[in-house]
Amino acid sequence: MAATPQWTIRDMKLYCNLKDTRCQWSFSIDNGSAPPQPCSYSAEGSPACQASTGPNSCGVFTVSSGWSDSFGSDSGFTTISVVDEEQRLIIYPSYSDRELEDGDVPDKQYTPQKI
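Each residue of the sequence shown is one higher than the last, beginning at 1 in full-length UniProt numbering.
Please note: incorrect hints may appear among the correct ones.
[As the list claims (entries may be wrong)] Ranges between beta-carbon positions, derived for each pair: (1) Gln6 to Gly59: 15 to 21 Å; (2) Lys114 to Asn17: 34 to 40 Å; (3) Glu86 to Asp20: 34 to 40 Å.
For the record, the hints were derived by calculation from the structure and aren't laboratory data. Yeah, the Cβ is synthetic: ideal placement off N, Cα and C, and Gly gets one too.
My request is simple: use the sequences and hints to build the entire structure.
As structure tokens, this is what we get:
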């Protein structure tokens with residue numbers, strides 16, 4: 001059996017309105033075996049950049065996210081779960097608030113885990 005290729009989250013962006021009551025997440029999921037799947041969904045709250053989301057459907061993937069300040073309010077981060085239920089695989093991409101604020105988020109690779 002061939003090894004499962006790494007998945008890449010490409011072009012991660014988080015756009016929020018000035019009041020931070022509505023944000024739009026946008027990125028692509030590249031599982032290495034099909035064309036990258038665009039994914040876009042919104043979050044609402046106060047602040048919306050810290051709102052949990054999901055489940056959201058992005059093609060064959062189900063995506064949810066949650067924010068944490070476990071390491072202090074100045075070290076907040078968002079963890080996203082990306083699930084391919086048919087293949088029973090999951091990854092947990094994570095992005096710091098600083099990465100998302102800068103808007104220049106590098107593509108990141110993750111090894112999917114069986115669920």
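Going down the list of hints, with the structure as the test:
1. Checked against the hint of 15 to 21 Å, the C-beta distance between glutamine 6 and glycine 59 comes to roughly 18 Å, which is consistent with it.
2. Evaluation of the 34 to 40 Å hint for lysine 114 and asparagine 17 yields a pass: the beta carbon distance comes to about 39 Å.
3. Checking the proposed 34 to 40 Å range against glutamate 86 and aspartate 20 shows it holds: the Cβ atoms sit about 36 Å from each other.
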